[in-house]
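Student: One letter stands for each residue in the lines below.
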Amino acid sequence: AQSVTQLGSHVSVSEGALVLLRCNYSSSVPPYLFWYVQYPNQGLQLLLKYTSAATLVKGINGFEAEFKKSETSFHLTKPSAHMSDAAEYFCAVSDTSGTYKYIFGTGTRLKVLA
Amino acid sequence: DTAVSQTPKYLVTQMGNDKSIKCEQNLGHDTMYWYKQDSKKFLKIMFSYNNKELIINETVPNRFSPKSPDKAHLNLHINSLELGDSAVYFCASRLNRRDTGELFFGEGSRLTVL
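Protein sequences, first through last, are from chains A and B.
Position 45 of the first sequence, counted from 1, bears residue number 75 in the numbering used here, the numbering being contiguous throughout.
Position 65 of the second sequence, counted from 1, bears residue number 84 in the numbering used here, the numbering being contiguous throughout.
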């Protein structure tokens, strides 16, 4: 079965600093990977997705993620954090093994310090 | 025009009561989901329907009963509410069950059981 693991339930960065949120996946087949963001009292919205077209994926709001098969990772980065980036971030995998599930990691809360 | 809409947004009720949450999507998608998000922000899949057919039924108490009158609607009825049912319930949809694209989320329905 496919799964994702997010390391670090809470991450704090200073405004202007690099944001790095970690996600590792487990899959016996090429995975389809996603990052979502959830702002307070809102639903999840897509930041970016990897569907095997390119290993470096650019998303909205200046975020990007790199798919590294050798490390089974799909970490999310942003060069310079903004106060408005404070939110909950979820890594997810779309299970292509036939279960039709869409599986989320446990989430990472990003705090941006002034 | 909201793509995935849920009603009600907030629900406060007593233990033992029965309540329903409704979800509608206007995206023309075939597949819809219910997720439960607990206080630690963990997203747990509950059910999924594909064109009115139940395709995912996780280990959810049978007090929870989904109903899909048509592919644009997926409702969730909960009988004999318990304190542990307090959570935010998210409806989501995707193009179809084999689609490898994103999920589209509603804004969530916050259920508080007293």
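A couple of the hints might just be wrong.
[What the hints assert, rightly or not] Capping the alpha-carbon separation at 20 Å, the derived lysine to aspartate or glutamate pairs in EDC-like fashion look like this:
| hint | chain 1 | residue 1 | chain 2 | residue 2 |
| --- | --- | --- | --- | --- |
| 1 | B | Lys55 | A | Asp115 |
| 2 | B | Lys63 | B | Glu101 |
| 3 | B | Lys63 | A | Glu45 |
| 4 | A | Lys79 | B | Asp104 |
| 5 | B | Lys28 | B | Asp118 |
| 6 | A | Lys131 | A | Glu45 |
| 7 | B | Lys63 | B | Asp104 |
| 8 | B | Lys60 | A | Glu45 |
| 9 | B | Lys63 | A | Asp115 |
| 10 | A | Lys131 | B | Glu101 |
| 11 | A | Lys131 | B | Glu72 |
| 12 | A | Lys131 | B | Asp49 |
| 13 | A | Lys79 | A | Glu45 |
| 14 | B | Lys90 | B | Asp49 |
| 15 | B | Lys60 | A | Glu118 |
| 16 | B | Lys55 | A | Glu101 |
| 17 | A | Lys131 | B | Asp118 |
| 18 | B | Lys38 | B | Asp104 |
| 19 | A | Lys79 | A | Glu118 |
| 20 | B | Lys63 | B | Glu77 |
| 21 | A | Lys79 | B | Glu101 |
| 22 | B | Lys59 | A | Asp125 |
| 23 | B | Lys55 | B | Glu43 |
[Claimed, not checked] Estimated spans, in silico, between C-beta atoms of each pair:
| hint | chain 1 | residue 1 | chain 2 | residue 2 | range |
| --- | --- | --- | --- | --- | --- |
| 24 | A | Ser33 | B | Pro27 | 25 to 35 Å |
| 25 | A | Lys99 | B | Lys63 | 20 to 30 Å |
| 26 | A | Thr107 | B | Gly47 | 46 to 56 Å |
| 27 | A | Thr85 | B | Thr32 | 46 to 56 Å |
| 28 | B | Asn36 | A | Thr81 | 37 to 47 Å |
| 29 | B | Thr32 | A | Pro109 | 30 to 40 Å |
| 30 | A | Thr136 | B | Asn36 | 22 to 32 Å |
| 31 | B | Asp37 | A | Ser100 | 49 to 59 Å |
| 32 | B | Arg117 | A | Ser100 | 43 to 53 Å |
| 33 | A | Ala83 | B | Asn115 | 41 to 51 Å |
| 34 | B | Thr32 | A | Ser33 | 41 to 51 Å |
| 35 | B | Gly47 | A | Ser39 | 47 to 57 Å |
FYI, nobody ran anything at the bench for these hints, they're computed from the structure.
Using N, Cα and C, we set each Cβ at its ideal position, and we do this for glycine too.
Student: Next, verify each hint and record whether it holds.
Tutor: So, going through the hints one by one against the coordinates:
Simply put, lysine 55 of chain B and aspartate 115 of chain A have alpha-carbon atoms about 24 Å apart, too far for the 20 Å limit, and the pair is violated. For a cut-off of 20 Å, the pair hint linking lysine 63 of chain B to glutamate 101 of chain B stands: about 18 Å separates their Cα positions. Among the hinted pairs, lysine 63 of chain B with glutamate 45 of chain A is inconsistent with the structure: their alpha-carbon atoms are about 32 Å apart, more than 20 Å. Distance restraint check for lysine 79 of chain A and aspartate 104 of chain B: the Cα-Cα separation of roughly 32 Å exceeds the 20 Å cut-off, and the hinted pair is therefore not satisfied.
Among the hinted pairs, lysine 28 of chain B with aspartate 118 of chain B is inconsistent with the structure: their alpha-carbon atoms are about 28 Å apart, more than 20 Å. Under the criterion of a C-alpha separation no larger than 20 Å, the hint pairing lysine 131 of chain A with glutamate 45 of chain A is inconsistent with the structure, at around 36 Å. Proposed proximity of lysine 63 of chain B and aspartate 104 of chain B is supported: the alpha carbons are some 13 Å apart, at most 20 Å. Taking the CA atoms of lysine 60 of chain B and glutamate 45 of chain A, the gap is about 24 Å. The hint is violated against a cut of 20 Å.
A C-alpha spacing of about 24 Å is found between lysine 63 of chain B and aspartate 115 of chain A, which places the hinted pair above 20 Å, so the restraint is violated. Restraint check: the Cα-Cα separation between lysine 131 of chain A and glutamate 101 of chain B comes to about 27 Å, which exceeds 20 Å; the hinted pair is violated. Under the criterion of a C-alpha separation no larger than 20 Å, the hint pairing lysine 131 of chain A with glutamate 72 of chain B is consistent with the structure, at around 15 Å. Restraint check: the Cα-Cα separation between lysine 131 of chain A and aspartate 49 of chain B comes to about 14 Å, which is no more than 20 Å; the hinted pair holds.
For the proposed pair lysine 79 of chain A and glutamate 45 of chain A, the alpha carbon gap of about 25 Å is over 20 Å, so the pair is violated. Of the supplied pair hints, the one linking lysine 90 of chain B and aspartate 49 of chain B holds, its CA atoms being roughly 6 Å apart against a limit of 20 Å. Annotation: proposed proximity of lysine 60 of chain B to glutamate 118 of chain A holds, straight-line Cα distance about 8 Å (limit 20 Å). Note on lysine 55 of chain B and glutamate 101 of chain A: the hinted pairing is violated, with a Cα-Cα distance of about 30 Å set against a maximum of 20 Å.
A hinted pair counts as satisfied when its Cα atoms are at most 20 Å apart, and lysine 131 of chain A with aspartate 118 of chain B qualifies at roughly 11 Å. With a C-alpha separation of about 11 Å, the suggested pairing of lysine 38 of chain B with aspartate 104 of chain B holds against the 20 Å cut-off. Restraint check for lysine 79 of chain A and glutamate 118 of chain A: satisfied, since their Cα atoms lie roughly 17 Å apart, inside the 20 Å limit. At most 20 Å may separate the alpha-carbon atoms for a hinted pair to count; lysine 63 of chain B and glutamate 77 of chain B meet this at roughly 9 Å.
Pair hint lysine 79 of chain A plus glutamate 101 of chain B does not hold up; C-alpha atoms about 37 Å apart against a cutoff of 20 Å. Note on lysine 59 of chain B and aspartate 125 of chain A: the hinted pairing is violated, with a Cα-Cα distance of about 23 Å set against a maximum of 20 Å. At roughly 17 Å between alpha-carbon atoms, lysine 55 of chain B and glutamate 43 of chain B fall within 20 Å of each other, so this suggested pair holds. For the hinted restraint 25 to 35 Å between serine 33 of chain A and proline 27 of chain B, the CB-CB distance of approximately 33 Å keeps it satisfied.
Restraint check, lysine 99 of chain A to lysine 63 of chain B: a C-beta distance of roughly 28 Å satisfies the suggested window 20 to 30 Å. Taken as a hint, the range 46 to 56 Å is violated for the pair threonine 107 of chain A and glycine 47 of chain B, whose Cβ atoms sit roughly 34 Å apart. For the hinted restraint 46 to 56 Å between threonine 85 of chain A and threonine 32 of chain B, the CB-CB distance of approximately 48 Å keeps it satisfied. Look at asparagine 36 of chain B against threonine 81 of chain A: about 43 Å separates their beta carbons, and that is inside 37 to 47 Å.
For the hinted restraint 30 to 40 Å between threonine 32 of chain B and proline 109 of chain A, the CB-CB distance of approximately 46 Å leaves it violated. Checked against the hint of 22 to 32 Å, the pair threonine 136 of chain A and asparagine 36 of chain B passes, with Cβ atoms roughly 30 Å apart. Restraint check, aspartate 37 of chain B to serine 100 of chain A: a C-beta distance of roughly 52 Å satisfies the suggested window 49 to 59 Å. Checking the proposed 43 to 53 Å range against arginine 117 of chain B and serine 100 of chain A shows it is violated: the Cβ atoms sit about 28 Å from each other.
Between alanine 83 of chain A and asparagine 115 of chain B, the C-beta spacing of about 20 Å breaks the proposed range 41 to 51 Å. For the pair threonine 32 of chain B and serine 33 of chain A, the beta carbons lie near 34 Å from each other, so the given range of 41 to 51 Å is not met. Range check, glycine 47 of chain B to serine 39 of chain A: Cβ separation about 36 Å, and the 47 to 57 Å hint is violated.
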